[in-house]
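As you go down the protein sequences, you meet chains R and U in turn.
Just so we're aligned: the first sequence equals residues 1 to 223 in full-length UniProt numbering.
Just so we're aligned: the second sequence equals residues 1 to 244 in full-length UniProt numbering.
In case anyone wonders, no lab produced these hints; they're calculated from the structure.
Every residue gets a Cβ at the ideal spot worked out from N, C-alpha and C, and that includes glycine.
Be careful, since some hints might not be right.
On the chain R side, residues computed to face chain U include the following (Cβ under 7 Å) [to be verified]:
no., residue
1, 63
2, 64
3, 67
4, 86
5, 168
6, 186
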Amino acid sequence: MVDWLVVATTLKLAFIVTAALLVIGIPISWWLSHSQSRFKGVVEAVCTLPMVLPPTVLGFYLLVLLSPNSAFGQALDKLGIAQLPFSFAGIAVACTIHSLPFVIQPLKNAFEAIGSQPAEVAATLRASPSDTFFHVTLPLAWPGIFSASIMGFCHTLGEFGVVLMIGGNIPGKTRVMSVEIYNYVEALEYGKAHLLAGGLMLFSFASLLLMHWVNNRYRLRFS
Amino acid sequence: MLRLWRISLIVLCFWFKPLYAASAIVAVANNFYGPMKALNADFSQQTEHALQLSTGSTGQLYAQIVNGAPFDLFFAADTLRPQTLIEKGLGSSSFTYAQGCLVLWSTSPGLDLVSLLTQQDFTHLAIADPKLAPYGLAAQQSLSKMALWQAVQAKLVLGNGLNPTYQFIASGNAELGFVAKSQVFKQGQYREGSVWQVPIDYYQPILQDAVILRKGQNNPVINAFINYLKTERAQAIIKSYGYQ
Numbered sequence: 001m002v003d004w005l006v007v008a009t010t011l012k013l014a015f016i017v018t019a020a021l022l023v024i025g026i027p028i029s030w031w032l033s034h035s036q037s038r039f040k041g042v043v044e045a046v047c048t049l050p051m052v053l054p055p056t057v058l059g060f061y062l063l064v065l066l067s068p069n070s071a072f073g074q075a076l077d078k079l080g081i082a083q084l085p086f087s088f089a090g091i092a093v094a095c096t097i098h099s100l101p102f103v104i105q106p107l108k109n110a111f112e113a114i115g116s117q118p119a120e121v122a123a124t125l126r127a128s129p130s131d132t133f134f135h136v137t138l139p140l141a142w143p144g145i146f147s148a149s150i151m152g153f154c155h156t157l158g159e160f161g162v163v164l165m166i167g168g169n170i171p172g173k174t175r176v177m178s179v180e181i182y183n184y185v186e187a188l189e190y191g192k193a194h195l196l197a198g199g200l201m202l203f204s205f206a207s208l209l210l211m212h213w214v215n216n217r218y219r220l221r222f223s
Numbered sequence: 001m002l003r004l005w006r007i008s009l010i011v012l013c014f015w016f017k018p019l020y021a022a023s024a025i026v027a028v029a030n031n032f033y034g035p036m037k038a039l040n041a042d043f044s045q046q047t048e049h050a051l052q053l054s055t056g057s058t059g060q061l062y063a064q065i066v067n068g069a070p071f072d073l074f075f076a077a078d079t080l081r082p083q084t085l086i087e088k089g090l091g092s093s094s095f096t097y098a099q100g101c102l103v104l105w106s107t108s109p110g111l112d113l114v115s116l117l118t119q120q121d122f123t124h125l126a127i128a129d130p131k132l133a134p135y136g137l138a139a140q141q142s143l144s145k146m147a148l149w150q151a152v153q154a155k156l157v158l159g160n161g162l163n164p165t166y167q168f169i170a171s172g173n174a175e176l177g178f179v180a181k182s183q184v185f186k187q188g189q190y191r192e193g194s195v196w197q198v199p200i201d202y203y204q205p206i207l208q209d210a211v212i213l214r215k216g217q218n219n220p221v222i223n224a225f226i227n228y229l230k231t232e233r234a235q236a237i238i239k240s241y242g243y244q
């Protein structure tokens, strides 16, 4: 029988990481879509880097960076943040970094598509900038936020290399579906591997289908 | 012009043919990868043949072979998987090339690892996944023998093979862990940190078998390499990594 604890851990991870991604991704992508700063290119490259880097490279550097032997790891320890590798918090941090580009891209596109006009109209009606952001820009960017959430969620569900590097394969904490599938294949337990891998594929397919369907409906309604 | 092209193509073919024929792909379990690189370097110096090496956990390589990986020879970390490959008709003959030793290792020098282990004075203990790696199984057996297996459950981190396990300890993220002696022992001495060699009767002997796979049966390089392995030079290299 498939270990449901693994599925539960993976889902928990995906929900938490998606929430973190939106909190971090929305301000960054809004800034990217509006800023004229000369550092914009650098920020954009840094945010896209996790998409092109092999996950093992990212995992390896996180393992080295967060190690208790490193200055950064010791600084974290002094701040009262416990050792991150081999913990749920550790893989959540790693997955957030790795999935960031998948959230930033759709969000940035959405903010760019809105343009500056709605915000200018709101300003002439004496809306404060924060009012404008929360009551005009965010609702208009909803299809982008929806797409970004689904992309971030699905990408985290399938996360493998980074978790393998810093996870430590601990049941209930860092053993996620993709690692479990890998183990099933190595142990030649193909039945269990099929069940998990097939389930993951169907779920991801259904999510992407839903995403495109919702976005198309939204576009039809407003164009 | 066309003629020239044809001639150069033929010349190229002949040029590459010996190179192509004289190569072999060898799958090596993590614990023997270091010694294997040393053996390969010495072997290619002596015979001008070269092996291409591919490493992974024994379970991982076994699964790859069962699914058609193009390896000629497989150096496993146990006797079970080579035997199974022969039963499945995927390999022709197997032989024991080394007996492995399990050690408890930490990067911090001067530690009494046994008392550290029995007093549970650590946060993470790394071992290879017992399901995938024979050294992981040996670690599990040793911990059971010391009546500590239940006690360490909450502190255990599992590597998918010995290399990730080594990485967990070497990076300092796990304070100590069980690895193969060959990973921390080179040219007759331990590299760094503290080491405790687990008594040999704590775990079932780790006899490591190699098996000639179907694709490698008539490969002259494989035959040459197997003959080379029997030489004193090769045996000395294997011993210098702490195998028995």
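Right, here's what the structure says about each hint:
1. Taking 7 Å as the C-beta contact cut-off toward chain U, the hint placing residue 63 of chain R at the interface holds, the least distance being around 5 Å.
2. Satisfaction of the interface hint for residue 64 of chain R is found here, the shortest Cβ-Cβ separation to chain U being roughly 6 Å, below the 7 Å cut-off.
3. At about 4 Å, the closest approach between the beta carbon of residue 67 of chain R and any beta carbon in chain U falls short of 7 Å, and the interface hint on this residue holds.
4. Because the smallest distance between the Cβ of residue 86 of chain R and any Cβ of chain U comes to about 5 Å, under 7 Å, the interface hint for this residue holds.
5. Satisfaction of the interface hint for residue 168 of chain R is found here, the shortest Cβ-Cβ separation to chain U being roughly 3 Å, below the 7 Å cut-off.
6. Interface hint at residue 186 of chain R: satisfied, since its Cβ lies 4 Å from the closest Cβ of chain U, which is below the 7 Å cut-off.
Every hint from the earlier list agrees with this structure, and none is contradicted.
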